[in-house]
Amino acid sequence: MRRDVFQAIADPVRRKIIELISNDTLTVNEVADKFEISRPAISKHIKILNECGIIQINKKGRERYCQIDPKNLLPAFLWLEQYQKLWEEKIGSFEHYLMKLKNSENG
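Residue numbering for the sequence shown follows our numbering, beginning at 2 and increasing consecutively.
Calculated from the structure, these hints are not laboratory results. Hints should not be assumed to be uniformly reliable.
Claimed, not checked - Think about it this way: if two alpha-carbon atoms lie no more than 30 angstroms apart in a straight line, the pair counts; the simulated DSSO-like pairs of lysine-lysine are:
| id | residue 1 | residue 2 |
| --- | --- | --- |
| 1 | K45 | K17 |
| 2 | K86 | K101 |
| 3 | K61 | K45 |
| 4 | K91 | K17 |
| 5 | K60 | K17 |
| 6 | K61 | K35 |
| 7 | K86 | K60 |
| 8 | K72 | K60 |
| 9 | K35 | K45 |
| 10 | K91 | K101 |
| 11 | K45 | K60 |
| 12 | K17 | K72 |
| 13 | K17 | K61 |
| 14 | K45 | K86 |
| 15 | K61 | K48 |
Because the structure is a prediction, the values reported are computed rather than measured.
Make a model of the complete structure from these sequences and hints.
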């Protein structure tokens, strides 16, 4: 099954795993310790992230270390970035509307 970055970031557990290992390389067990779900479930999430190329798994002895590969998050970032101007315009418009309401109440 071919997976992509959007499938990877669709799940909140996987987003949290990405966040955790973006700060530090962690073993699969260290990642699993951060969650209240089973280690096999975490392993499945890590496998999906690995298949999407977002994390790399490096074996050292008996441990498997998870390391972020941020370049593969780029497609999602670029896709979201195209909407940034739209969001800023909508938020600016809403702020302007709120200021008008506040001024009409005070005026």
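So, going through the hints one by one against the coordinates:
For a cut-off of 30 angstroms, the pair hint linking K45 to K17 stands: about 14 angstroms separates their Cα positions. The straight-line distance between the Cα atoms of K86 and K101 is roughly 22 angstroms, inside the 30 angstroms bound, and the hint therefore holds. Under the criterion of a C-alpha separation no larger than 30 angstroms, the hint pairing K61 with K45 is consistent with the structure, at around 20 angstroms. Annotation: proposed proximity of K91 to K17 holds, straight-line Cα distance about 28 angstroms (limit 30 angstroms).
With a C-alpha separation of about 22 angstroms, the suggested pair K60 and K17 falls inside the 30 angstroms cut-off, and the hint holds. Proximity of K61 to K35 is assessed by CA-CA distance (about 21 angstroms); at most 30 angstroms being required, the pair is judged to hold. A threshold of 30 angstroms between alpha carbons decides the hint, and for K86 with K60 the separation of about 43 angstroms lies outside it, so the pair is violated. A threshold of 30 angstroms between alpha carbons decides the hint, and for K72 with K60 the separation of about 21 angstroms falls inside it, so the pair holds.
About 15 angstroms separates the Cα atoms of K35 and K45, which keeps this hinted pair within 30 angstroms; it holds. This hinted pair checks out: K91 and K101 have alpha carbons roughly 15 angstroms apart, not beyond 30 angstroms. For the given pair, K45 sits about 17 angstroms from K60 by alpha-carbon distance, which is consistent with the 30 angstroms threshold. With a C-alpha separation of about 18 angstroms, the suggested pairing of K17 with K72 holds against the 30 angstroms cut-off.
Straight-line distance between C-alpha atoms of K17 and K61 comes to about 24 angstroms, which keeps the hinted pair within the 30 angstroms bound. The hinted pair formed by K45 and K86 fails the criterion: a straight-line CA distance of about 36 angstroms is larger than 30 angstroms. The hinted pair formed by K61 and K48 meets the criterion: a straight-line CA distance of about 17 angstroms does not exceed 30 angstroms.
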